[in-house]
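Line by line, the protein sequences are chains P and U. Numbering-wise (this note's numbering), the first sequence opens with residue 2 and increments by one. Numbering-wise (this note's numbering), the second sequence opens with residue 7 and increments by one.
Incorrect hints may appear among the rest.
According to the in silico footprint, chain U covers these stretches of chain P (three or more CB under 8 Å from chain U) [to be verified]:
{"no.": "1", "stretch": "15 to 26"}
{"no.": "2", "stretch": "43 to 51"}
{"no.": "3", "stretch": "122 to 136"}
Everything labelled a hint here was simulated from the structure, so no lab data went into it. If you're wondering where the values come from, they're calculated on a predicted model, not measured in any experiment. Heads up, the beta-carbon is just placed ideally off N, CA and C, and yes, glycines get one too.
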Amino acid sequence: MVERAMNPRKKAVTFQNRDGRRLFGILHEPSTGPASDIAFVLLPPGIKGRIAPHRLYNDLTDKLTARGHAVFRFDFWGLGDSEGEVEERELRDLYTAVALGRYVNDTRDALDWLSRTCHLRHFVIGGLCGGAVTGILEAQSDPRVVGILSIGLPVMLDSNPTDAWQYMTTGQLNDLGSRYVAKILSPQAWLRFLSFRTDYRLLLRSIRVRLGLEGPAPIVAAPPQQPVLNANPHLPGAILKLLARGTPMLLLFSEADRLYWEFEEKFLSVYGHAFRAHAGTAEIRVIQAANHVLTFKEWQHDCFNLLGQWLEARFPASVPVAP
Amino acid sequence: MNETPFFFGQPRQELFGVLHQPVDCSRSVGVVLCHPFGEEKLWSHRVFVSFARQAADAGYPVMRLDYYGNGDSDGNFEDSSVTRCLSDIAQAVDTLKARTSVTSVALVGLRFGGLLASLCAEARHDVSSLVLWAPVVHGGRFVQEQLRINVTTQMAAFREIRLDREQLVANLTSGGTANVDGYEMSRTMYEELSTVDLSSRLLTFSGRCLVVRIERGLAAKPAADVTTLAAKYPHAQVIEVEEEPFWREIDRFYGNAPQLCARTLEWLNAQ
């Protein structure tokens with residue numbers, strides 16, 4: 002349960018983005034006014050808008066306002082309550098559009114609006130999944146952003162799928178291999194196998210990886226100048242800029258999330274040198290056993306604790322973080 | 007059309023709502039939308055927004071609300087219960103009437119929201135019509151489905167079931183909560199939902215009622231409980247629309263449910 006002891010003030014607001022669309026949001030402030038000059042802007046992960054799965058952003062907001070920060074949550078155009086209609090008909094295409102920076106302008110417009118109307122000047126931005134990508138892409142060229150909060154950052158694109166069996170991470174293949182083995186006595190699984198509905202190449206490869214007969218996919222060794230197939234082309238440059246600028250980043254991942262495996266195998270293996278060169282700027286933390294959306298309470302608590310520790314180290318507050 | 011997001015209700019227990027007001031507001035009937043349960047609310051959100059805008063364009067003042075412990079409203083999900091949701095819908099109806107010139111409302115509810123709309127219509131005299139989109143008829147079955155979601159999540163995360171449904175129920179009845187897609191369901195919600203069976207309940211609502219079956223393919227056999235439910239209302243009509251189950255995670259992005267919205271508006275306009 003999230004404590005709401007400080008009874009933060011909240012206001013339902015709308016503002017116009019540069020294209021004239023009205024965007025809807027909620028502005029939260031500690032009851033005694035902000036004790037910190039750093040405001041947080043939580044960006045929608047995707048279609049779940051400013052709430053995020055199981056109200057994750059509401060709970061994050063409570064933690065942050067209890068620490069003295071103003072928090073703004075809003076919906077991008079075409080999503081949540083905001084005006085506009087997106088043209089994508091497939092979710093994966095929408096996620097790809099988000100990952101490629103569709104909502105960077107909305108984010109910048111939100112920061113402009115907050116600066117103009119609330120006189121807020123410094124921001125930590127980000128969120129879960131698509132919110133993390135959007136935050137990083139916006140922050141690379143906006144000096145008002147003094148920190149990045151990233152939860153479950155996707156480094157690959159969802160659209161234009163290539164053969165899954167060929168480009169899956171070792172983590173994914175290991176996991177799949179275990180699942181195939183677990184189903185070895187299942188009549189339904191055999192029925193599926195014998196009726197040609199199984200992806201045989203994927204099955205074979207995952208079993209080989211599971212048995213240790215095959216190492217990581219060769220794609221892992223791709224040099225920086227040869228980007229990984231299906232990787233988000235905008236993300237590495239943005240992260241490298243933020244590292245060079247010394248912008249603190251908290252990169253939280255869930256241990257049982259394919260996005261973590263992709264980040265490790267397809268991003269860190271290529272760009273890890275930059276993280277080492279700017280040691281301390283970006284902190285990578287993993288929530289044990291958790292899934293992508295942090296379904297169970299203990300995973301949410303771990304997330305809040307790691308965030309609290311990062312904030313204490315990077316942005317010491319006059320108000321202690323609620324336990 | 008004007009859209010106003012605002013908080014209403016008791017201090018520290020405020021509810022979030024959006025009022026969609028037509029420019030030419032001459033109708034005496036407004037619309038209150040009742041959202042579904044947990045994550046279904048988020049998946050279906052854009053269809054609700056889209057329908058609210060279409061209804062407002064057709065001249066109906068529309069109120070969307072988040073129940074206590076849901077969406078942007080105050081409270082935690084574990085504070086949510088059937089009783090509390092019904093009280094929240096009643097507050098939304100009163101708020102809509104206070105802010106506009108409407109004297110009665112059509113309640114439109116999806117899934118769990120349909121069950122709530124049906125119960126709410128029993129208790130109020132200002133509900134003139136009822137629209138139930140793929141309503142949950144058996145609360146008991148529905149709540150067991152929610153517990154199955156917990157078990158499925160355990161399997162996916164731990165590759166084993168650490169707490170089966172019986173143990174989850176035991177936890178609930180001893181005052182704990184059960185996690186459903188990240189939402190902590192309380193004992194009160196569990197017990198109240200378990201006892202609601204619209205198909206065997208005495209329903210006295212005598213206004214117009216539209217029950218909408220939402221199916222991927224219309225070849226599917228009508229669910230008996232929906233037909234039984236409709237038969238309990240003297241002025242009910244059952245229609246079928248072909249839409250994806252947009253309240254769940256599906257491959258498609260469902261920003262609008264064109265058939266569902268059009269048929270519903272057509273029915274509302276016919277009164």
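Query raised in the report: What hint numbers does the structure not satisfy?
Result: 3
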